[in-house]
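In the order they appear, the protein sequences are chains A and B. FYI, the numbering for the first sequence is 1 to 188, going by this note's numbering. FYI, the numbering for the second sequence is 1 to 168, going by this note's numbering.
Any given hint might turn out to be false.
[As the list claims (entries may be wrong)] Using 30 Å as the maximum straight-line C-alpha spacing, the simulated DSSO-like pairs for lysine-lysine come out as follows:
1) A/Lys117 with B/Lys150
2) B/Lys10 with A/Lys163
3) A/Lys163 with A/Lys141
4) B/Lys10 with A/Lys141
5) A/Lys140 with A/Lys163
6) A/Lys140 with B/Lys150
7) A/Lys141 with B/Lys150
8) A/Lys44 with B/Lys150
9) A/Lys22 with A/Lys44
10) A/Lys22 with A/Lys46
[As the list claims (entries may be wrong)] To give an idea of the chain B side of the interface with chain A (calculated C-beta under 10 Å), a few residues:
11) Leu4
12) Phe16
13) Val46
14) Gln50
15) Pro55
16) Met58
17) Gly92
18) Tyr95
19) Leu118
20) Asn152
None of these hints come from the bench; they were simulated from the model. Quick reminder that beta carbons are idealized off the backbone N, C-alpha and C, glycines included.
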Amino acid sequence: MTPDTAPRSQVSLWEIFALFCKVGLTGFGGGMAIVALTERMVVKEKQWVTPEEFLHGLAFGQILGPFSLNTCTFVGYRLRGVPGGLLAAVGFLLPSFLIVSLLAWLYLRFQHLQLLKKALAATNPVVIGLICAVVLDMGKKQLNGTGGWLLGITAFAAAALFKVNLALVLAAAAAWAFAAALYQRRAS
Amino acid sequence: MLPLAWTYLKIGLIFFGGGYVLIPLLQHLLVDQYRWLTLREFLDGVAISQLTPGPLAMLATFTGVRVGGFVGGLIATICIFLPCIVLMLVVGRYYARLKEIDLIRNALDNVLPAVVGLVASAAWSLGATLGTLREWLLLTAAFAVFRWTKVNPMIMILGAGAVGMLLP
Numbered sequence: 001m002t003p004d005t006a007p008r009s010q011v012s013l014w015e016i017f018a019l020f021c022k023v024g025l026t027g028f029g030g031g032m033a034i035v036a037l038t039e040r041m042v043v044k045e046k047q048w049v050t051p052e053e054f055l056h057g058l059a060f061g062q063i064l065g066p067f068s069l070n071t072c073t074f075v076g077y078r079l080r081g082v083p084g085g086l087l088a089a090v091g092f093l094l095p096s097f098l099i100v101s102l103l104a105w106l107y108l109r110f111q112h113l114q115l116l117k118k119a120l121a122a123t124n125p126v127v128i129g130l131i132c133a134v135v136l137d138m139g140k141k142q143l144n145g146t147g148g149w150l151l152g153i154t155a156f157a158a159a160a161l162f163k164v165n166l167a168l169v170l171a172a173a174a175a176w177a178f179a180a181a182l183y184q185r186r187a188s
Numbered sequence: 001m002l003p004l005a006w007t008y009l010k011i012g013l014i015f016f017g018g019g020y021v022l023i024p025l026l027q028h029l030l031v032d033q034y035r036w037l038t039l040r041e042f043l044d045g046v047a048i049s050q051l052t053p054g055p056l057a058m059l060a061t062f063t064g065v066r067v068g069g070f071v072g073g074l075i076a077t078i079c080i081f082l083p084c085i086v087l088m089l090v091v092g093r094y095y096a097r098l099k100e101i102d103l104i105r106n107a108l109d110n111v112l113p114a115v116v117g118l119v120a121s122a123a124w125s126l127g128a129t130l131g132t133l134r135e136w137l138l139l140t141a142a143f144a145v146f147r148w149t150k151v152n153p154m155i156m157i158l159g160a161g162a163v164g165m166l167l168p
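Construct all of the structure, not just a fragment, from the sequences and the given hints.
Here it is in structure tokens:
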């Protein structure tokens, strides 16, 4: 394969870094909220990439890892090649990295304080409640038909009840999914 | 530091289906297998990583700091994100020619039910840490709020922390 249209070069690397830092600092709400914010900034305001290009980046961003980060990397790459992509990714992650490092340090230092213990103990059930809501939400969208339910329940049973190695469960599911996709393509 | 780097790199390579799949993966590896942190610390870490704009994967930073200080956090963060950043740089280069995209998308759709099952298994094993009636009530209330409103998780976690401080 040869690369298609060369990345544009009028945007400075510093501009890319600064913009994605801003996204990484103000994009509270995660996931889709970040993507919406990025879209407003790079497509509508700056017009660095076209709406179609942005949507392609978002689609590819679902393959591996968090799509918010992947969309930023993609836009950065389209603007200034590899350095642009790397700076967009680093800029987006840097604010959160610094905040989490600081909070983790504070947590480990003051973990024993009664007041902090009480605050964190109250957040634990909320986090589990959030995960339950995510399961229901994802389940409604993803568990279609007998095959989907079967795969979902098998994965749950393997992980929760039989303590199978999770990487193994995911790898097996991925192999099955790829085979099924190949089969679907043959059939159509 | 090398096992640390390798562990997070491995997770970064099998990290599909959005951020929530990281909860079962990290919990399994770091809590059950290596015992680098306790289940409670892990849950606290999830809450703390929700307080930033970054993806839920910032959980890697928290667990990395817990295991190896600031450098540990840096290594964990770089290693977990490296695979997807490299992949996106390659995709950015060849994206108009990636004709197999339908195949990739379909395969991805097919694997998502398993991801749902794994995230459910995380809720299952994390739920085992709860003991008191008050905790179960909090869980139910939080679930209902997340289910039927669009409240930001960060607000809920900060709110729960404040309530926890006030309650006896």
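Status of each hint after checking the structure:
no.: 1; hint: A/Lys117 with B/Lys150; verdict: holds, 28 Å
no.: 2; hint: B/Lys10 with A/Lys163; verdict: holds, 19 Å
no.: 3; hint: A/Lys163 with A/Lys141; verdict: holds, 26 Å
no.: 4; hint: B/Lys10 with A/Lys141; verdict: holds, 28 Å
no.: 5; hint: A/Lys140 with A/Lys163; verdict: holds, 25 Å
no.: 6; hint: A/Lys140 with B/Lys150; verdict: holds, 17 Å
no.: 7; hint: A/Lys141 with B/Lys150; verdict: holds, 17 Å
no.: 8; hint: A/Lys44 with B/Lys150; verdict: holds, 25 Å
no.: 9; hint: A/Lys22 with A/Lys44; verdict: holds, 16 Å
no.: 10; hint: A/Lys22 with A/Lys46; verdict: holds, 14 Å
no.: 11; hint: Leu4; verdict: violated, 15 Å
no.: 12; hint: Phe16; verdict: holds, 6 Å
no.: 13; hint: Val46; verdict: holds, 5 Å
no.: 14; hint: Gln50; verdict: holds, 7 Å
no.: 15; hint: Pro55; verdict: holds, 4 Å
no.: 16; hint: Met58; verdict: holds, 5 Å
no.: 17; hint: Gly92; verdict: holds, 3 Å
no.: 18; hint: Tyr95; verdict: holds, 6 Å
no.: 19; hint: Leu118; verdict: holds, 5 Å
no.: 20; hint: Asn152; verdict: holds, 5 Å
In this structure, the one hint that does not hold is number 11.
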